[in-house]
Every structure is written in structure tokens, then in C-alpha cells.
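Given the coordinates of chain A, assemble chain B onto it according to the supplied hints.
Just so you know, the protein sequences line up as chains A and B, in that order.
First residue of the first sequence: 1, per UniProt numbering; consecutive thereafter.
First residue of the second sequence: 1, per UniProt numbering; consecutive thereafter.
Hint data in this document are derived by calculation from the structure and do not stem from the laboratory.
No incorrect hints appear here.
Any copy will do: because identical chains look the same in the list, a pair fits if it lies in one copy or spans two.
In silico lysine to any residue, SDA-like type, Cα no more than 20 Å apart, as pairs: (1) Lys60 / Asp48; (2) Lys15 / Gln137; (3) Lys16 / Glu44; (4) Lys146 / Asn103; (5) Lys60 / Asn45; (6) Lys146 / Arg21; (7) Lys60 / Gln42; (8) Lys60 / Arg46; (9) Lys60 / Ser34; (10) Lys15 / Asp144; (11) Lys60 / Ser47; (12) Lys15 / Asp145; (13) Lys16 / Asn45; (14) Lys16 / Lys146; (15) Lys16 / Ile36; (16) Lys15 / Gly129.
Number of protein chains: 2
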Amino acid sequence: MNHYDYMSLAMQEAKKALTSREIPIGAIIVLHDSVIAAAHNQCENRSDPTAHAEILAIKKASAILGNWRLTGCSLYVTIEPCPMCAGAAVNAHLSSIIYGAPNPWYGGIDSKFRIVQNPFNHAVSVIRGVCQSECQQLMDEFFDDKRHLSM
Amino acid sequence: MNHYDYMSLAMQEAKKALTSREIPIGAIIVLHDSVIAAAHNQCENRSDPTAHAEILAIKKASAILGNWRLTGCSLYVTIEPCPMCAGAAVNAHLSSIIYGAPNPWYGGIDSKFRIVQNPFNHAVSVIRGVCQSECQQLMDEFFDDKRHLSM
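The following block holds chain A by itself, in its conformation from the complex (with noise of 0.2 Å):
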């Protein structure tokens, strides 16, 4: 599978989002070619801040392999990770980050922090734009919605 199988996968998770009125955002964690977690944005229904999809599948992966350590795991995700969600791809020692469309309001990687790489901790490489247009329009469908719903 390539970036763009994958990828699909995390969107497959933030359309699961959508279904239940969540900020559509998906997120899936990757080892040696199998996928080992996958979790979608769930704050409002669990009334968690921290439930985003890739806190949520880091704690799964962390969970499945016994370790807090994710050395070698590739996160996919929809959109580019907020602070919180940098920070812990950093505390969990993720090899790599795959987002689809940037967050310019809030992205902890690009757009307003670059959290995932500094000199003084560990460093996670990033590729961004994938599937870009597709995951960006989930988000769009989501906003339109609560817009034509409070007009």
C-alpha cells in the first residue's frame, strides 16, 4: 500500500467523524506496512478535549505494542495536527507524520508552530499534502453544514 491507500483509510475514519456530528478528522498509525490503529475525532461525544483522532490512535498503538515508545510507526492524518497532537507525536517518538490539508488557524507542524521538528528534541518527518483536496472538502462539508444550520 502507498500514501494514498493509507491516506484513504484515515479519511474512511473521518467520514466515521461526520456520521456522528464530530469535526471530521481521521487518523490512522502504520508499522512495518500493517496498519495498528485507527481513531477518528470523538470530543463531543466522549466530552473529552484530549479525543482527538491522533491522540486517540496513539494511545491505541501505544496499547497494542505495549510500549509508549512508537519508533518505526508512521501516523496518517486528514488534516495537519494541532499542538497538542505535534507535541504528542513527538512524545511518542512517531517516525514519521503524513497529513492531507494544512490547518492555518492552528497547525502545530507548519502553519503556526513547528513543533515535530526542532534541534532540541526528537525529530518526526513530515509529508504533507496528501490526498489534500479530498480531506479539506470533509472539513468543508462539515462547516457548511453548521453554518446552513444556525443561518
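Chain B alone, transformed into the frame defined by chain A:
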């Protein structure tokens, strides 16, 4: 109770982490002068890179209030939060963070990133240096011990 009293409770949590050979950082969350959550770092024992004191306390407080928004809540934490935890504080709409000692290598509030005070997202007010030397001493004790054991 004042800031010193609340930070003493956070230090009691940090000492629990020290006893279980975790990095000694403790946190509590206060709402309307009541402590609604207390936690200490448990990354090793839970095999979870997100199990920092602050994240565990935020999750507990949200579960108790049944709401991911912790508006009006104050987080007391012995060490300056990392980017993951600073980001979680923003995501949770915490009103204030009171921390003890700085984290010069990876602090997400003042030392390396200024995540909680920015014009583009929820702003959290910050008080620094409450019980700074006692909070730092717990960290020094832990890392001195580790160095001693590895010699």
C-alpha cells in the same frame, strides 16, 4: 486556599510519580476553589506517551463536568507544560495555568513555544514560578538518582 496551597497538592501528586519511578510531575485542576481533579505522570506504568499529569487531570475534570470545555478552571502543574499539554490546555478552554519550574528544553508556554497565548485561538492566562525551587528539586532528585544508577 492560595496558589501555594494548591501547588503543594500538585507537588504531592509529583511525589507519587517519584515513588513509582515516573518523571515527578503532578497536576491538579481547580474550579470555584474546589479541587476537581488530581493526577501525576504515568507514561511508563501505563505504556502511554500521552499520560502526562496535565492530560490525565484534564481528562478527569472533563469526565466529572461532562463537558470538554473547562471554562473557569485553573490547572496547577509543577513543571512548565510541554507542547502537547499546553495545546491540550488551549483545546480544553482552561482559564488559567499556574506552573512551578520552567522546562528550558521543551516548555510549551514560555521556554520553547508560546502556545497558550496567541491571537488566533483561545487564550489561557499564566502565572509562573509558584514553589519553583521545590518543584525543580523533585526533578533534580529523580534525574540525579537516574544518573547515579547508570554510573
